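Going down the list, the protein sequences come from chains A and B. If you read the first sequence in our numbering, its first letter stands for residue 1451, the second for the next number, and so on. If you read the second sequence in our numbering, its first letter stands for residue -15, the second for the next number, and so on.
Hint data in this document are derived by calculation from the structure and do not stem from the laboratory. Misleading hints may appear alongside valid ones.
[Unchecked claim] Sample of chain B residues at the chain A side, in silico, Cβ under 10 angstroms:
hint	residue
1	V1
2	A9
3	P13
The model shown is predicted, which means the values in this text are computed figures rather than measured ones. C-beta atoms are modelled at their ideal positions from N, C-alpha and C, and glycine is treated no differently.
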Amino acid sequence: MKYDCIIIGGGLAGLTCGLKCLDDGLSCAIISAGMSALHFSSGSIDLLGYDPPGQVVPAPFETLSRFIEARPGHPYAKCGPETIEASLDFFRRELLAEGLEICSNGRDNHFHVTALGTLRPTYLSQASVFNERIREAFFRQPRIAVLTVKGFRDFHPGLAAANLRRNALFKDCEIVTGQIELPWFEQTPQNPHEFRSIDLGRMFDSGRGLGLVAARVKEAARGAVFVGLPAVIGFEDYNRVMKRLMDLTELIIYEVPTLPPSILGLRMDNALKSRFAARGGVFIAGDRVIGGEITGGRLDHVHTRNYGDSRLRAGHFVLAGGSFFSGGLVSEFDRMSEPVFGLEMDYQPGRGNWYSPAFLDRRGHPFLEYGVKTDQALRPLDRHGRPVENLLCVGAVLAGYNPVKEGSGGGTAIATGFQAALRVAAD
Amino acid sequence: MIDLKNITFDHCLKCTVCTIYCPVARVSPEFPGPKQSGPDAERLRIKDPGLLDDSLRFCTNCKRCEIACPSDVRIADIIQTAKWKYAGRTFRPRDFLLGRTDLLGRPAVRASRLVNALAGFKPARILADKLFRIPVDRPLPRYDRGTFERWFSDHASSQDGFERKAVYFHGCYVNYNDHALGRDVVRLLNALGFGVTLTREVCCGVPLMAGGYIDRARKNARHNIGVLTRASGEAARIVSASSTCSFALKNEYPNLLGLDNSAIAGRIEYITRFVHRCFEEGPVPRLGPLELTVAYHAPCHLERMGGALYTIELLKRIPGLNLKLLHSECCGIAGTYGFKSEFHPVAQEVGRDLFRRIEAIRPDVVITDCETCKWQIELNTSRPVLHPVTLLCQSLDV
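Sequences are here, hints too, so could you generate the full structure?
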């Protein structure tokens, strides 16, 4: 089996790369071992949220050139501001084609609210998290209601509201909390505590009883015009469900990401995969690439656990296996490695150097910056230190950036995925 | 000492991704989902089997949870094993009958007309529902006359002229219900230059495992491993055209039954993989154009095993074919699951989206690798369903 490009990893970086390859008329297969980190993500795309001293960046593209200049090893430096911007435009267009609208605050960052009631700067969000109407309403410092679904374990309005009240941005807002009982619970033998975000999302999808839900939301909102709800308002049919709920309540409804599974992230995953399939991409799920043959500085083929001795060949390969959580990087007691090809890593040996003893250290944990060492063209070095011509690394497997401290995880995945596809198409 | 054969439950991070992709949890509130029934509850069960939760009988063993899991937890294997390891045995005539495809098949093919008529006779079916809990609305598989083995032994001499041989594990479905598919497999293998041999195989054991007849399943598995090892002594390939039979021989024997199948595991191939390899090595037989729109449905077990890609690649080689790939999802029937009245509504609900998508495409035929997927799709859509091998043979004929 031979493709123009085989991508190892089906998360944000791999799917963006795959979509761009298909967009350029290349044949493309993605091999994905288990579902990606999108399932645990906020569903917003961070580009550059914090500058090196830790201050919030108001407008990422204004600081990006300086940021890149100061950090030539950063993945952003290997893409350049023009490509980064083009990649985000491309990403938004592809998702819109699947009905998922992604909004930005012009070229400025905006804040999204976390389940803890803290604010995170981000660049792109789904319309239920940021849009013009939400922005305008917020500037009028409205009365806010933070509500949850009765029995739901993965979001707690009291906690979120307490943190919001401490935030200077909300000092003139009155914040109330409450819960609503979903009418669907009355017809099931289950305890409401058993329902996860995904179950609730599907109940909303069914569309039945939305009128009753709307009435309860309105009542619990106690006069607030702005209502925050856990992000469970529809999993597949979210556009229609959200619109109906807002029409029925005449309120502005805002979605707060929940504990996993995160529906905001799932919607994105779904839309990217549907788009990839619709454009003719081949997605192999539940299989793991276990090795490949590098000869003469080129990766000839890879093999997978399921496909055994079958050789999957391609002109180019892209490694998008993610970081430690996704298994794209592996840490042992005192060493770290990239498990598929044993590529050269950029990291500090000695376990003591990897993390800060303070879990929420503002300077971040060093291990988050570790990963595969690549040249300016995103090409790695094999286990003997020799460059591999037709293998490109993208997303969280890369060294040289700290997604948490910088607020740059989503942007890096999209930009490097896009950049790799440009290089594949150019060859 | 706690006996821990599969300790992958310890790799579970509680991320709940599996539950998102569980087709049963999606439609049935009675199933708490693979995470809870699998790795979560296993921790309790290994301490006290009395903590077994009856709801895990809703699991269809489709393995979609294992495909979704980012941490390589063998979730479905944990659930399947728990079903028979911790539960007390109760004899159910229906489960016994559904499990013994051969016991039922051998006499049925002798009186296939009568059996088929009876299977379509409404009062008999209502009685079967009342007595055995086999749903009235579920058509029973039709039986062919005689066995495929018999047909093959009558034509075995035609295979003598081939230097290279492939062992064909035909499975119960071909033997009793669909000789035509078996003949197509032989034809296709012959066209690729391989003569076919059969062994004295017995049922692969999948329906037995589903019914909890684990000792019997092991007995069948040992027998099959034995005959296949002997038959494939000269490193011959073992080919199966049933995605679930191949999955059982290759994966379920070691993972669920705890048997050593290493003598044959590397040589068992689902047919499209075998054919694809032959095509790559060449020469490729001439495939004539088929001006058809076909929708391809990948069975769950083929996806788990890794093999849908070969079928897709082969279908792409048929000239003129307008191939539509269906969204990857379970059709619901899950082998014998859909033949049980208590699960029939769940099976129907699971497949609803798939049926809707098929009707929206309006293909001339639906292609799938699994016989029970075929029954389910034919029951619920207006479209005929064919095996990819049959389509390839049609293309060879043009």
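*Regarding the hint that P13/B lies at the interface with chain A, is the smallest CB-CB distance below 10 angstroms?*
holds, 5 angstroms
With chain A as the partner, please determine if V1/B meets the hint condition of a C-beta pair closer than 10 angstroms. holds, 5 angstroms
For the hint on A9/B, does the least C-beta distance to chain A fall short of 10 angstroms? holds, 8 angstroms
Checked against the numbered hints listed earlier, the structure breaks none of them; every hint is satisfied.
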